[in-house]
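Okay, here's what each chain looks like letter by letter:
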Amino acid sequence: MSAAQAGAAVQAGTAPALGLPALTDEDRARSRDRERVYDARIRRRPWWLLWLLIGPGILAMLGENDGPSMISYAATGAQYGIGFFVPFIAVTFAMAIVCQEMCMRVGAVTHRGYGELVLQRYGRLWGWFGAGDLLFTNLVTLIAEFVAIRVGLAYFHIGSAVAAALGLVMVTFALSGGRYWRWERIVLGLAVFNGLFLLAAVLSKPDWGAVGSAFVSFSPLPHGGLNTLLLLLASTIGATVTPWMIFFQQSASADKGMTPADIRHGRWDTIAGGVMAALFGIGALIAGAALASHGGASIQGLAGAGFPGALKEVAGGPVATLFALGLIEAGAVAVLTICASTAYAAGECVGATHSFNSTPRKAATFHAANVGVALIAAAVILIPGVPLLSIALNANVLATVLLPVTLIFMLMLANDRELLGRWANRRSTNVIGVAIVAFVSVCGAAYGIDSFLQTIHAIPGS
Amino acid sequence: MSDAPLIEYLEPDQLVADTSIPVPRARLGRGARIGLWALRVFVVAVSAMVIYTFFAQLR
Chain A
1 MSAAQAGAAV QAGTAPALGL PALTDEDRAR SRDRERVYDA RIRRRPWWLL WLLIGPGILA
61 MLGENDGPSM ISYAATGAQY GIGFFVPFIA VTFAMAIVCQ EMCMRVGAVT HRGYGELVLQ
121 RYGRLWGWFG AGDLLFTNLV TLIAEFVAIR VGLAYFHIGS AVAAALGLVM VTFALSGGRY
181 WRWERIVLGL AVFNGLFLLA AVLSKPDWGA VGSAFVSFSP LPHGGLNTLL LLLASTIGAT
241 VTPWMIFFQQ SASADKGMTP ADIRHGRWDT IAGGVMAALF GIGALIAGAA LASHGGASIQ
301 GLAGAGFPGA LKEVAGGPVA TLFALGLIEA GAVAVLTICA STAYAAGECV GATHSFNSTP
361 RKAATFHAAN VGVALIAAAV ILIPGVPLLS IALNANVLAT VLLPVTLIFM LMLANDRELL
421 GRWANRRSTN VIGVAIVAFV SVCGAAYGID SFLQTIHAIP GS
Chain B
1001 MSDAPLIEYL EPDQLVADTS IPVPRARLGR GARIGLWALR VFVVAVSAMV IYTFFAQLR
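Line by line, the protein sequences are chains A and B. Counting from 1, one number per residue, gives the positions in the first sequence under the working numbering. Counting from 1001, one number per residue, gives the positions in the second sequence under the working numbering.
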């Protein structure tokens, strides 16, 4: 049979000799995972079923509690205290839950990733734009993740080369085995340690009464002008809702083999991920707030490379050690999930096989993008004199101002009745979704415009 | 091993054979088309600002 005839047989969905649809290795691996889900359902084992179906939601949420985000939360706590930001982090993760639920639902119903659906439904321009935007921002974010690992390791007197090697070894190790299930469980096992930030917060002995009252009052508001507040809002949103999460969760839900029957569990997975991520992010904020009355205002973003060291002086060795270990974990999990989202997007846009269930030979683009993007980011942090801080901050600005594009297409897909049928958004979901997109768009655009106006000195710097 | 038992656990539209067939292009109304053009303008404008900001900060 020629390649063209074989392709035609696959297109027709039948293997002539057997009279069965032609199965690929990817199908076979996925069907073994689905067999266990089916078995758990008919044997009525709800907890086992939940265990089998969790993954993409928790990984997207905890992956976004990445190194730069945790340093940003801690720096915000050190500079402004916990007042406004404890409840605001909770609100932004609630927004993330709404967005991620839509991606999960679209992935489970269509069995296709975000990138390929945008490309096929709305044209090559938007498909390639989304993938290009994702590739650029992911690459720069990955550089920041390697920096975060380096910051964590530096506390234990370990150098940059080990940080670069550690990230690359983990990406390669998680990829080996050629199974989505194995990759997902390895990353989930690592992601659990994001809870170290919460432990660090508890050991820093915060005023729990103040934390409770901040939840109710959203105050005190951070000092500074409107520009400062706007930048803080946008950077907190940018640390919670990002394009890579949307690409990742939809593609991972499809790769995992989720179906409409699993949507209820997918929602629990997304909510659990959002709640954990909010708690751990608030943990980092509270731990950082220990520095608020000890010169914390001088520590900003990734410039706070000495964060664990500074914490040691104020909150003690255990808190600093937990924070440093948390940074290594946060960076590592984000490296794995962001590389995965890049690989999914690359495979989807060029129309190549894009699954962890495929071998490197059959999914060369997917595996090459997964390892390649990590390799480039790791190499960059080893170059002396690269303006890492400027790159990371501007990537964050660009990711935030372009986020509305990703969210708008996500809303359009979630409303596409031709694709989703009865699983399309309800009116109430749309009201909340449109409000979120409008809020993020205004904050993101204001953030970008504000940075620009400050650069051309049209307004004073904040 | 025969594929017959395995295929029972997958939905027909979940097979690689099915997902490799592109979905048709969406039919967009006038409002949606205008909205997407507005989005293009937004993207070009803010991207230009951010890229300028980046290079200005590098100097």
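Misleading hints may appear alongside valid ones.
Each pair of labels, with its calculated beta carbon distance range [stated by the list, open to error]:
| no. | chain 1 | residue 1 | chain 2 | residue 2 | range |
| --- | --- | --- | --- | --- | --- |
| 1 | A | Ala292 | B | Leu1028 | 17 to 23 Å |
| 2 | A | Gly372 | B | Ala1045 | 39 to 45 Å |
| 3 | A | Gly309 | B | Trp1037 | 39 to 45 Å |
| 4 | B | Ile1021 | A | Ile456 | 20 to 26 Å |
| 5 | A | Pro384 | B | Ala1045 | 33 to 39 Å |
| 6 | B | Ala1045 | A | Trp51 | 46 to 52 Å |
| 7 | B | Ile1021 | A | Gly309 | 36 to 42 Å |
| 8 | B | Pro1005 | A | Lys362 | 20 to 26 Å |
| 9 | A | Ala292 | B | Ala1045 | 35 to 41 Å |
| 10 | A | Asp39 | B | Gly1031 | 34 to 40 Å |
| 11 | B | Pro1005 | A | Lys205 | 56 to 62 Å |
| 12 | B | Leu1028 | A | Gly309 | 53 to 59 Å |
Listed below are the simulated SDA-like cross-link pairs for lysine to any residue, each with C-alpha atoms no more than 20 Å apart in a straight line [said to hold, decoys possible]:
| no. | chain 1 | residue 1 | chain 2 | residue 2 |
| --- | --- | --- | --- | --- |
| 13 | A | Lys362 | B | Ser1020 |
| 14 | A | Lys362 | B | Trp1037 |
| 15 | A | Lys362 | B | Pro1005 |
| 16 | A | Lys362 | B | Ile1021 |
The set of hints was computed from the structure by calculation and includes no laboratory data. For every residue, glycine included, the Cβ atom is placed at its ideal position computed from N, Cα and C.
Evaluation of the provided hints:
1. A:Ala292 x B:Leu1028: 17 to 23 Å: Given about 50 Å between the Cβ atoms, the range is violated.
2. A:Gly372 x B:Ala1045: 39 to 45 Å: Given a distance of about 32 Å, which is not inside 39 to 45 Å, the answer is violated.
3. A:Gly309 x B:Trp1037: 39 to 45 Å: violated, 51 Å
4. B:Ile1021 x A:Ile456: 20 to 26 Å: violated, 50 Å
5. A:Pro384 x B:Ala1045: 33 to 39 Å: holds, 36 Å
6. B:Ala1045 x A:Trp51: 46 to 52 Å: Since the Cβ atoms of B:Ala1045 and A:Trp51 sit about 47 Å apart, the hinted range of 46 to 52 Å holds.
7. B:Ile1021 x A:Gly309: 36 to 42 Å: violated, 56 Å
8. B:Pro1005 x A:Lys362: 20 to 26 Å: holds, 23 Å
9. A:Ala292 x B:Ala1045: 35 to 41 Å: Taking Cβ atoms as reference, A:Ala292 and B:Ala1045 lie about 38 Å apart, which means the hint holds.
10. A:Asp39 x B:Gly1031: 34 to 40 Å: The hint (34 to 40 Å, Cβ to Cβ) is violated, given that A:Asp39 and B:Gly1031 are roughly 48 Å apart.
11. B:Pro1005 x A:Lys205: 56 to 62 Å: Holds - the Cβ-Cβ distance for B:Pro1005 and A:Lys205, about 58 Å, lies within 56 to 62 Å.
12. B:Leu1028 x A:Gly309: 53 to 59 Å: Hint holds: Cβ distance 55 Å, inside 53 to 59 Å.
13. A:Lys362 x B:Ser1020: holds, 14 Å
14. A:Lys362 x B:Trp1037: violated, 38 Å
15. A:Lys362 x B:Pro1005: violated, 24 Å
16. A:Lys362 x B:Ile1021: Cα-Cα ~18 Å, so holds.
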